[in-house]
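> Spelled out, the chains give:
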Amino acid sequence: MPQAVATRTAVEVERLVVRRGGKLILDGVSCAIPRGSVVGLLGPSGSGKTTLMRAIVGVQRIASGGVTVLGLPAGSPELRRRVGYLTQAPSIYPDLTVIENATYFAAMYGCGTAEALASVESVGLTEAAGQLASTLSGGQRARASLACTLLGDPELLVLDEPTVGQDPVLRNELWLRFRALAEAGATLIVSSHVMDEARRCDRLLFISDGELIADGTPEEVLQRTATDDLDEAFLRLVIAHREEQD
Amino acid sequence: MSPRITLWTARRVLMQLRHDRRTVGMMLLVPAILLTLLRFIYDAKPQVFDHVGLTLLGVLPFTTMFLITSIGMLRERTSGTLERLLTTPMAKLDLLLGYGIAFAVAAALETTVAAVVAFVFLGLDTAGSPFLVGVIAVANAVLGTATGLLVSAFAYSEFQAVQFMPAIVMPQVLLCGLIAPREQMAAPLRFASDLMPMTYAVEALDEVGKGNAGATMAVDVAVIVVVAFAALALGAVTLRRRTA
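If you're matching them up, the sequences are chains A and B in order. Counted the way the working numbering counts, the first sequence spans residues 4 to 249. Counted the way the working numbering counts, the second sequence spans residues -1 to 242.
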């Protein structure tokens, strides 16, 4: 990879193939994600979004192809302090309070209680900080998990459906926070089902049946599908792709 | 490996326990209650109570910690926290040693309560030092924790995990010399008994009971500690950062 590209590209995925139990999950996906951008990962349920995210984080066993993250092969030990990963199901300890969870994950990155508190505040959970995670609502639990992911100032954030179960006000706040992180230089990959969130991304990746079917800015995607509605664009892309395959 | 992350993990596991008061209560009281029961069963034979009670005192922490850790680690695997932790700078051994330290602390408390009840109130009598009984009990607990961590890799549900308890622990209880003297066992059983760590735990406790805190006991404790670390190392191998 030329040096200029290496510095501007946060993630480079090359002909990535993933099989699970004999089934083809990702079928030769290639894409490049520029640094400092917010990239939306969209696609029907079961299309391979989570698998692609796992491959970028380096926890997915891959069949062939390659993933380069911040200039290093995905999963390199050095990347563990530079990449933050939010799993789709909240991965926090239900038998610890919100702040205990955040403090523990903060310790993984050498951060203290102050950072943990700030992270809990940034997802709007200050009032529930002393509450056991098992007693939180689904949306609160997702935000507690997000608070644990934002710790340690990661250069790349891979967020699997971070706004699921949140009301519109909170969704807006979270997206403002994502934007602020990108402006500070971080790269964010965010999967979502909600098309009004797609509008807020710099770039969109559409996946269907393990293949990348569109890659561009929201405007480019709308133009290509000849519509002014991203929901409609999404439908047209998926239907066109399925017809192509039949 | 980072001592800071290891200790934070031990602290986190203890915090989880602290929020679960019933578990803590049972952990602290059940061994003491069982010993009390045993004391009255052998009311007429205090020398039998001295032998069996002492063994139970040393072996119970092994079973408690085996069960609690195998379930705890299984929860860590199924809840996604394990996958999440393995994407952080944490080393695999940080996690496993963290569990080991946390449950060694828990076992020390458990044994202290049971030992005070046994020695002070139930009149348990040993020639050797009760403190050494405590050391052996904690070593056993660490072994139980390490075995539980390892075994949890082979359990995909709580149903499977709890069944590893009779599968792994009962043969050791049957063959360790507590039920039948090892000298009278058929050669294959005696050989199997030689391979089981609990045999060494029970022998060490016997030695302390007889007041022989010597080389045999030291070797027994060393065997327990080595097997515990071997199980932890094997446990680390079963933790995969990359999965299908």
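Be a bit skeptical, because a hint or two may be false.
[Claimed, not checked] Derived contacts from chain B toward chain A, CB cut-off under 7 Å, selection only:
| no. | residue |
| --- | --- |
| 1 | TYR40 |
| 2 | ASP41 |
| 3 | THR79 |
| 4 | PRO87 |
| 5 | VAL235 |
[As the list claims (entries may be wrong)] Cβ-Cβ distance ranges computed for the label pairs, FRET-style:
| no. | chain 1 | residue 1 | chain 2 | residue 2 | range |
| --- | --- | --- | --- | --- | --- |
| 6 | A | GLY39 | B | ARG2 | 41 to 47 Å |
| 7 | B | PHE157 | A | GLY39 | 20 to 26 Å |
| 8 | A | PRO171 | B | MET24 | 43 to 49 Å |
The set of hints was computed from the structure by calculation and includes no laboratory data. Positions of the beta carbon are idealized from the N, C-alpha and C atoms, including for glycine.
> Taking 7 Å as the limit, does the beta-carbon of TYR40 (chain B) come near enough to a beta-carbon in chain A?
Violated, about 39 Å.
> Is the distance from the Cβ of PRO171 (chain A) to the Cβ of MET24 (chain B) consistent with 43 to 49 Å?
holds (46 Å)
> Range hint 41 to 47 Å: satisfied by the CB atoms of GLY39 (chain A) and ARG2 (chain B)?
With a Cβ separation near 31 Å, GLY39 (chain A) and ARG2 (chain B) fall outside 41 to 47 Å, so the hint is violated.
> Does VAL235 (chain B) hold up as a contact with chain A if the rule is Cβ-Cβ below 7 Å?
Violated - the Cβ of VAL235 (chain B) stays beyond 7 Å from chain A, reaching only about 16 Å at its closest.
> Hint validation: THR79 (chain B) versus chain A, beta carbon distance must be below 7 Å. Holds or violated?
holds (5 Å)
> Regarding the hint that ASP41 (chain B) lies at the interface with chain A, is the smallest CB-CB distance below 7 Å?
violated (41 Å)
> Does the nearest C-beta of chain A fall within a distance shorter than 7 Å of the C-beta of PRO87 (chain B)?
holds (5 Å)
> Using the beta carbons of PHE157 (chain B) and GLY39 (chain A), state whether their distance is inside 20 to 26 Å or not.
For GLY39 (chain A) against PHE157 (chain B), whose Cβ atoms are near 48 Å apart, the range 20 to 26 Å is violated.
Checked against the numbered hints given earlier, this structure breaks hints 1, 2, 5, 6 and 7; the rest are met.
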